[in-house]
Structure formats: structure tokens, C-alpha cells
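Engineer: Sequence:
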Amino acid sequence: MLIGYARVSTDDQSLNLQEDALSTAGCDQIYKDTISGAKSKRAGLSDALAYAREGDTIVVWRLDRLSRSLKDLIEIVANLESKGIGLKSLHEAIDTNSSSGKLIFHIFGALAEFERNLIRERTYAGLAAARARGRTGGRPAALSGTKKALAIKLYNDKELPIQEICETMGISKPTLYKYVNEAEG
711 MLIGYARVST
721 DDQSLNLQED
731 ALSTAGCDQI
741 YKDTISGAKS
751 KRAGLSDALA
761 YAREGDTIVV
771 WRLDRLSRSL
781 KDLIEIVANL
791 ESKGIGLKSL
801 HEAIDTNSSS
811 GKLIFHIFGA
821 LAEFERNLIR
831 ERTYAGLAAA
841 RARGRTGGRP
851 AALSGTKKAL
861 AIKLYNDKEL
871 PIQEICETMG
881 ISKPTLYKYV
891 NEAEG
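Numbering of the sequence shown is given in this note's numbering, commencing with residue 711 and proceeding in unit increments.
One should not assume that every hint holds.
Claimed, not checked - With a Cα cut of at most 25 Å, we get these calculated SDA-like pairs of lysine to any residue: (1) K751 <-> V718; (2) K857 <-> E869; (3) K781 <-> S746; (4) K742 <-> F815; (5) K812 <-> K857; (6) K781 <-> E869; (7) K781 <-> R830; (8) K857 <-> A842; (9) K868 <-> E892; (10) K781 <-> F818; (11) K812 <-> G836; (12) K781 <-> L821; (13) K883 <-> R849; (14) K812 <-> F824; (15) K812 <-> K868; (16) K863 <-> F824; (17) K868 <-> N891; (18) K798 <-> E823.
The hints are simulated quantities; they were obtained by calculation from the structure and are not laboratory data.
Could you build all of it, start to finish, from the sequences and the hints given here?
Structural biologist: So, in C-alpha cells, the structure goes:
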């Protein structure tokens, strides 16, 4: 039996393309999720895995719909293989029910991880280069040094409620507490 699994990351995205492709591929049952692939708890995937029996094949439109990391993908496939369940990816034309499909799966997975590592390295190199030029990332400070000192003084004087201090200074409670903790520490 072919069991389909479709996933999109946000409610703004549509599952229609994946559902159509899975139906055309002959999937008898299609499970769906609208959640990031990085999340380990996906109800639709859990249901599909629980429904699948030995000899069945889980079908996905693309491998990245099943998992965002090679490690997780390999674990899922190993789990499927241990239960006698295959994996088929329509876009990459991979079917782990065959030896060549298993080989191609591992090559594609390794290439995907290699690409993610290259992107990570380029990002870190770019951040280091920016820091070397005196640029720092992150959100700018909510208050200047003088206003920050005033907020801390108002807090320590204990004459105004916290909410009023925050509204007057235009900051949130966590920001005020962060400034107070920095001053004390």
C-alpha cells in the first residue's frame, strides 16, 4: 500500500500540489501537517508511520517534506527499513525498496547536508567579516545610556509602578529587568 505524507511550513502555504502529486502516484491514504520540518513532533507524520505496515511504502513529494536534517531523515528511513516499510520520493525519483534507490537516497542526503554546511560556513564568515569592520548584528538597544540609567534609577527608587516606568520609557518589562540585572551584575 502507498501511504502519502504532505507537509507545508505555514498556514499561508497550500498542500494542494503535494496532495495532487501523491494522489496521482496512487496513494491510498494521505497524511498532512502544517508545521516546520524542524519540529520533531508532527501529528500527520506520526499517524502515517503508525498506520504503515510491513510491505507498505511512505510516499513524499520531496525529501525535504519529510525532514530538514540528514540525521533525522536517515533515522526515519532506518526506522522504516526496520519495519519493512519503504520510502519513495516523487521529486527526486528515489525508492528505498531497491538497492539503487537506497544508494541514491544516501547520496542526495549527503549532498543536502553538505550544502547546508556550506551555507552555515558562509554565514559565519560573513558575520566575522562584519564584526571585523566594527558592525555587530542583533537588535539595537532600546534606550541610550542616559535613558537606561534613568530607568534603573526609577526602578531602584521604587516610587513608580513597573508598568508606569516601562510605559514612560517605551520599553517592555523584560527589557527593564535586563537593564536592572546588568546594573547589579
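Engineer: So, for every hint listed, does it hold in this structure?
Structural biologist: Verification of the supplied hints:
no.	hint	result
1	K751 <-> V718	holds (14 Å)
2	K857 <-> E869	holds (17 Å)
3	K781 <-> S746	holds (16 Å)
4	K742 <-> F815	holds (22 Å)
5	K812 <-> K857	violated (62 Å)
6	K781 <-> E869	violated (55 Å)
7	K781 <-> R830	holds (16 Å)
8	K857 <-> A842	violated (29 Å)
9	K868 <-> E892	holds (18 Å)
10	K781 <-> F818	holds (13 Å)
11	K812 <-> G836	violated (36 Å)
12	K781 <-> L821	holds (13 Å)
13	K883 <-> R849	holds (17 Å)
14	K812 <-> F824	holds (18 Å)
15	K812 <-> K868	violated (67 Å)
16	K863 <-> F824	violated (52 Å)
17	K868 <-> N891	holds (16 Å)
18	K798 <-> E823	holds (19 Å)
Hints 5, 6, 8, 11, 15 and 16 from the earlier list are contradicted by this structure; the remaining hints agree with it.
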